[in-house]
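Here this note's numbering is used: the first residue of the sequence shown is 5, the next is one more, and so on.
Among the hints, erroneous ones may be present.
[As the list claims (entries may be wrong)] Between beta-carbon pairs, the in silico distance windows are:
| no. | residue 1 | residue 2 | range |
| --- | --- | --- | --- |
| 1 | K79 | V5 | 19 to 25 Å |
| 2 | W65 | T94 | 21 to 27 Å |
| 3 | A58 | K9 | 16 to 22 Å |
| 4 | P63 | P12 | 27 to 33 Å |
| 5 | S23 | K66 | 20 to 26 Å |
| 6 | K79 | S23 | 29 to 35 Å |
| 7 | T94 | T64 | 15 to 21 Å |
| 8 | S23 | N95 | 29 to 35 Å |
| 9 | D34 | T76 | 18 to 24 Å |
| 10 | A33 | L67 | 24 to 30 Å |
| 11 | N95 | D21 | 19 to 25 Å |
| 12 | T64 | S23 | 16 to 22 Å |
| 13 | R22 | P63 | 15 to 21 Å |
| 14 | G14 | K85 | 17 to 23 Å |
The set of hints was computed from the structure by calculation and includes no laboratory data. Since the model is a prediction, treat every value here as computed from it, not as a measurement. We put the CB at the ideal spot given by N, CA and C, even for glycine.
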Amino acid sequence: VMQPKWAPDGSLFFISDRSGWYNVYMLKADHVAELIRDESAQVTPVCVTPGLLADVADPTWKLGVSNYDFVTASKLAVTVKGDVLIFDTTNTDQPSRSLRSEHAMATATAVSFPAHISGLICGSKSTTSDGSKGGAGAQ
Numbered sequence: 005v006m007q008p009k010w011a012p013d014g015s016l017f018f019i020s021d022r023s024g025w026y027n028v029y030m031l032k033a034d035h036v037a038e039l040i041r042d043e044s045a046q047v048t049p050v051c052v053t054p055g056l057l058a059d060v061a062d063p064t065w066k067l068g069v070s071n072y073d074f075v076t077a078s079k080l081a082v083t084v085k086g087d088v089l090i091f092d093t094t095n096t097d098q099p100s101r102s103l104r105s106e107h108a109m110a111t112a113t114a115v116s117f118p119a120h121i122s123g124l125i126c127g128s129k130s131t132t133s134d135g136s137k138g139g140a141g142a143q
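Construct the complete structure from the given sequences, taking the supplied hints into account.
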């Protein structure tokens, strides 16, 4: 279990490799006490998207890194393979929005958005084929 965070509603979010890949899971607020008594308490996968065979977590030796955070009380931004996926935590079947960019960074060093932020800007530290610096990706 990595990167545990409390949601605004009291649910516990965390990254686990229980599926064979590091993905974000949610334990609803009313089940948190159950986890203390029974470690098999029901958790809900948040971003185990069919066809997405990728780890959501960076190596644990990168201190202070967070690969996901809350954009709103029910929206979760998750970095996956350089993309930022926005998941609706009330409907975890599919990402509600994908912000893709050829030049997106492979991981975010700190995914943290104040509640009033509704857009994201992905950029790159890479250079283009003509040697110029990479520009902004998606908003």
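A quick look at each hint next to the structure:
1. Taking 19 to 25 Å as the suggested C-beta distance range, the pair K79 and V5 conforms, at roughly 22 Å.
2. About 34 Å separates the C-beta atoms of W65 and T94, a value inconsistent with the hinted range of 21 to 27 Å.
3. Taking the beta carbon of each, A58 and K9 are about 20 Å apart, inside 16 to 22 Å as hinted.
4. Checked against the given bound of 27 to 33 Å, the beta carbons of P63 and P12, roughly 28 Å apart, stay inside it.
5. Against the hinted window of 20 to 26 Å, the Cβ-Cβ separation of S23 and K66 comes to about 22 Å, which satisfies the hint.
6. The hint said 29 to 35 Å for the Cβ distance between K79 and S23, and at roughly 22 Å that hint is violated.
7. Checked against the given bound of 15 to 21 Å, the beta carbons of T94 and T64, roughly 30 Å apart, lie outside it.
8. At roughly 19 Å, the beta-carbon separation of S23 and N95 lies outside the given 29 to 35 Å, and the hint is violated.
9. Checking the proposed 18 to 24 Å range against D34 and T76 shows it holds: the Cβ atoms sit about 21 Å from each other.
10. For A33 paired with L67, a C-beta distance near 28 Å keeps the hint of 24 to 30 Å intact.
11. N95 and D21 have their C-beta atoms about 24 Å apart, which keeps the hinted 19 to 25 Å range intact.
12. Between T64 and S23 the Cβ separation comes to about 18 Å, which falls inside the hinted range of 16 to 22 Å.
13. In this structure, R22 and P63 meet the distance hint of 15 to 21 Å, their C-beta atoms being roughly 18 Å apart.
14. At about 31 Å, the beta-carbon gap between G14 and K85 misses the expected band of 17 to 23 Å.
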